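Protein chains in written order, with the numbering used here: chain A, 1 to 313; chain B, 1 to 282.
Keep in mind that the hints were calculated from the coordinates and are not lab data.
Note that this is a predicted model, so its numbers are computed, not measured.
Hints may contain errors.
[What the hints assert, rightly or not] Only pairs whose alpha carbons sit at most 25 Å apart, straight line, appear in this in silico SDA-like list of lysine to any residue:
hint, chain 1, residue 1, chain 2, residue 2
1, A, Lys59, B, Ile131
2, B, Lys237, A, Lys59
3, A, Lys59, A, Arg276
4, B, Lys237, A, Trp161
5, A, Lys59, A, Leu95
6, B, Lys237, A, Arg160
7, B, Lys237, A, Leu274
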Amino acid sequence: MIQYILRRTLSLLPFLLVVAVFASTLLRIMPGSPARRILGEYATEEAVAQLEHELGLDKPLVTQIVSTLWNYIHGDFGISLRNRRPVLKEIIDQLPFTVELAIAGIIVACFIGIPAGFVAALKPNSFWDFLCRVIALLGISMPVFWLGLLLIFGFCVRLRWFPSIGAGTHSDLGDLLQRLVLPSLAIGANGAAIIMRMTRSCLLETLSEDYIRTAYSKGLPSVRVYIIHAMRNAAIPLLTIIGLNFGYLLGGAVVTETIFSRPGIGKLIIDAVLWRDYPVVQGCLLIFAIGIALTNLLVDISYAFLDPRVRLE
Amino acid sequence: MMLKRIQALLLRSPGNIVGLLIISGVLLCAILADFVAPYDPLETNLRHRLQPPSKVHLLGTDSFGRDILSRIIYGARPSLLIGVNAVIFALLLGSAIGIVAGYFGGNYGYLLMRIVEILMCFPSILIAIAIVAVLEPGVMQLIIAIAVANVPSFARLAFASTLTIREREFVLAAEASGSSRLRIMVKHVLPNIISPLLVMGTLQLGSAIVTEAGLSFLGIGIQPPTPTWGLMLNEGKPYLRDAPWITISAGGAILLTVLGFNLVGDGLRDILDPRYKLIRGG
Numbered sequence: 001m002i003q004y005i006l007r008r009t010l011s012l013l014p015f016l017l018v019v020a021v022f023a024s025t026l027l028r029i030m031p032g033s034p035a036r037r038i039l040g041e042y043a044t045e046e047a048v049a050q051l052e053h054e055l056g057l058d059k060p061l062v063t064q065i066v067s068t069l070w071n072y073i074h075g076d077f078g079i080s081l082r083n084r085r086p087v088l089k090e091i092i093d094q095l096p097f098t099v100e101l102a103i104a105g106i107i108v109a110c111f112i113g114i115p116a117g118f119v120a121a122l123k124p125n126s127f128w129d130f131l132c133r134v135i136a137l138l139g140i141s142m143p144v145f146w147l148g149l150l151l152i153f154g155f156c157v158r159l160r161w162f163p164s165i166g167a168g169t170h171s172d173l174g175d176l177l178q179r180l181v182l183p184s185l186a187i188g189a190n191g192a193a194i195i196m197r198m199t200r201s202c203l204l205e206t207l208s209e210d211y212i213r214t215a216y217s218k219g220l221p222s223v224r225v226y227i228i229h230a231m232r233n234a235a236i237p238l239l240t241i242i243g244l245n246f247g248y249l250l251g252g253a254v255v256t257e258t259i260f261s262r263p264g265i266g267k268l269i270i271d272a273v274l275w276r277d278y279p280v281v282q283g284c285l286l287i288f289a290i291g292i293a294l295t296n297l298l299v300d301i302s303y304a305f306l307d308p309r310v311r312l313e
Numbered sequence: 001m002m003l004k005r006i007q008a009l010l011l012r013s014p015g016n017i018v019g020l021l022i023i024s025g026v027l028l029c030a031i032l033a034d035f036v037a038p039y040d041p042l043e044t045n046l047r048h049r050l051q052p053p054s055k056v057h058l059l060g061t062d063s064f065g066r067d068i069l070s071r072i073i074y075g076a077r078p079s080l081l082i083g084v085n086a087v088i089f090a091l092l093l094g095s096a097i098g099i100v101a102g103y104f105g106g107n108y109g110y111l112l113m114r115i116v117e118i119l120m121c122f123p124s125i126l127i128a129i130a131i132v133a134v135l136e137p138g139v140m141q142l143i144i145a146i147a148v149a150n151v152p153s154f155a156r157l158a159f160a161s162t163l164t165i166r167e168r169e170f171v172l173a174a175e176a177s178g179s180s181r182l183r184i185m186v187k188h189v190l191p192n193i194i195s196p197l198l199v200m201g202t203l204q205l206g207s208a209i210v211t212e213a214g215l216s217f218l219g220i221g222i223q224p225p226t227p228t229w230g231l232m233l234n235e236g237k238p239y240l241r242d243a244p245w246i247t248i249s250a251g252g253a254i255l256l257t258v259l260g261f262n263l264v265g266d267g268l269r270d271i272l273d274p275r276y277k278l279i280r281g282g
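The following block holds chain B by itself, in its conformation from the complex (with noise of 0.2 Å):
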């Protein structure tokens, strides 16, 4: 009931259709890139190399020959992969700490929560960067670091909240008529606290989509020759003069990419908090 009542008024404003949209565009290149990309991303043909947009090769070729529109539209796989899993994953973490802390509460708990507020001050590129210099670059150690620098946005998010529903009376009762801790934390303060938390998870999947390409970028993340939006940009910028529609490709995928999530996260934050409607005018 809740979910068709969200997801009329998600349909109500253009700006989420087109957010919504944007976000299954990506879905379903990542999951049909087989069937959807004209070439092979890996297939090379140097007689082919730094090919202009044409009809041939839609956004072109690069310095290899291989075709810049099947590499984006197999990139969104290692984005998604990654993005999604992290986000996920840092959701899970982040709000068992935030629950615990704010359920518990007492000196541990914030003390706790003065690490997470530590963390939280260190953007988290640089955060993932520390992991990944101790980690072999790879998806798994990828989906860690940039897992474990959003944690920290979740635990104080789910922390406050379960401060305000701590002291409510359906825990009190349920701690009274004899529920486990455990049960309460899971059935009674966890939905409770959601929607907030799955607003931040649809906002967080566009910085942790751009920490990753920056990380490749880099030369840090994902290594080649994996078709991935941030590895193109680091691999066209040497030909910015001569061939920039690589560079321009790549990045556009990324920016429409964040584009579509931050809109969709936007206009769930307006549903689920109505305060934010009032401030943002929409």
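The shape of chain A in the complex, shown without the other chains (with noise of 0.2 Å):
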């Protein structure tokens, strides 16, 4: 088992430094000079000069690539262009509130996706397979900040239930968990429509397999059918589902942040962009790789514990 994990766990590094070395060629991919545009037309050609050696913009593309990924290793990602502070720094500040937002937009998602798929596959083509599926296509439409802002007019504007803006302290858990409700909502609907669809199709499939018909004829009670032989079968695309998620969900984050004015990575990443604050963009894009190779991993792992063939591939 250890093995496998080591295996998988080096299996990533290759992804990372994709990424990697994406991020440090970024600002050469831009038509023109980076530093001209990052500090306007009148900014005098000393400084623009001094920019470009601060970016490192004016050693060649490789040396800028090793050197880049080099610091990378080494935990330096740069100073802020807007701030001066490390770009590190300034994701660790706000990486919690991110992670806080995924997660809950996991739970979400798989707390309504999954029992609304089970219910659906029971009893496939009846209302509430019906309704599920409909619901789950208007999931699957619906965008995310449209979601965001009918939430915050519904339940902040309307009905005054929860606060619509910031993300609150790790001080006060009841007010961070309150204003965590409705970001959570709209992040993770679009997750519950996707994995809805999936339990109902992995269940389905399962559900006619001989094992099933086994083990119903040998006289277990539905509910342990349904529970132990069918759902932990359909667990393994499922969890891919579910992973493969969690990526789409940190884009979602992107938007939802802005919207719920929260602080956090994707908050972070537009500012940047919208500051034209380069470091910082490519710290977050690899910040951002990090938690999609980690989440891969845990999916990797999770499925060697459910599916013993796994391990012994």
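If you follow the hints, you should be able to join the two separate chains into one complex; please do so.
Have a look at this one:
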């Protein structure tokens, strides 16, 4: 098992390497002089040259990539052009808020998606199945930012049940959770719809297998057949979808954080794009990549726990 | 013949008909905006600002007194223009990468697909944000950003489909008869893998439209005063309390359009890939 985990961890390195190379060459793709664009057209030549030196743009491409990668490995993500703070420090300050939001989003998605898919699969083509499928279709088509705005309108402006902006502080857990409800609903709705569809189709496929018939014929109660026999076998593709969804969820975090004026990596990257603070953009991309890589690793390890065949591959 | 069959099968399900009606409606709005829209979408009238829906302004007005309905009708243009072009561009580039990698195979092919898979792990809006960050905001730049973000999904699908076609007799026969590799890929491989790619294209259209609206909403997409749905949501946000109709109508337009493409995409998939029909029970 440990060997399997080690092998999976090592296989993530090429992923991080590609993203790091992409992030470090980001400014090189830009047409014209990035330093000139950051400083504006009235900046002096000296200021432009100095910024180019600071960003490493005066070095040859390969040297720049290698030195940037070296810095990344040593935890040096550069200095923010906006407030001259180390990028890594900026990111670490904001990271807990995004992690909270992403985890809450996944919980919402699973808590709505899995039971709904379960109900739909138990009675395919019934009224409940139809209802779940219509809601799933709406959930998949719903833009995260619109749902977020509607939730603010309904629950903050009209009903006044929740505060609409900010993320609260970590010292006041109740306030923190209260401010997490609407953003996690907004971010998780899309995932809930995808997970619902996947649960339904995986369960339908599993329920037609021979071992399910055998389980019934040896007299097991339905609940046991569904939970132990069917759900466990449907869990593998479901986990893949939940893992994949985490990546999309991080994408959703970018807009959700802006709508709910929450701090976080998503808000940080958008502000950085608007301020042309490229070291921060690069750092955020890398942090997102690390988050996605770690989720994939977690999913891979859970496969091995759920299905012994995976470990022996 | 094939097209007629698909058309007949599509029209059999009520979901598909609703989807086709929605898409036709949005398309008509985009083409005939000059004739259908009751007002000029850029015409400001500060005396009529933030008016609720009424007989004069069916969906109300925004903070500059501009007619929301007209802006929504004109907003169909950039959404469709960017969405359709980005998906066509992604489909062409992605299929080319996938077919070449699948047909030639070997280490380079697999390396190429590894990179594509890595990009696929990244949410498309983030890739688009990274690209928009280095290019100036504009229609062309948005098309490029959204297209690049969608290339990996097409490349992967084309790669997988090419692998199954590559060893089939008709491809081997074409090779034996001396056809060039380019000809085999275009004339023999592509026509046989095009249907799943088209299904994916229809489904991706919805997500491309959402990505464009998202970027415009965040202020890094299309710039004001052009009427786009994402930008309208952005402009309506501060007035959520006093003028919710701005947000509700603009978001409703996005939802409806995406729903239309998803309905038709699902329908096409059921027809072209019978496995899904079984699973989805439709």
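Review point. Broken hints, numbered, in rising order?
Key: The structure breaks hints 2, 5; every other hint is satisfied.
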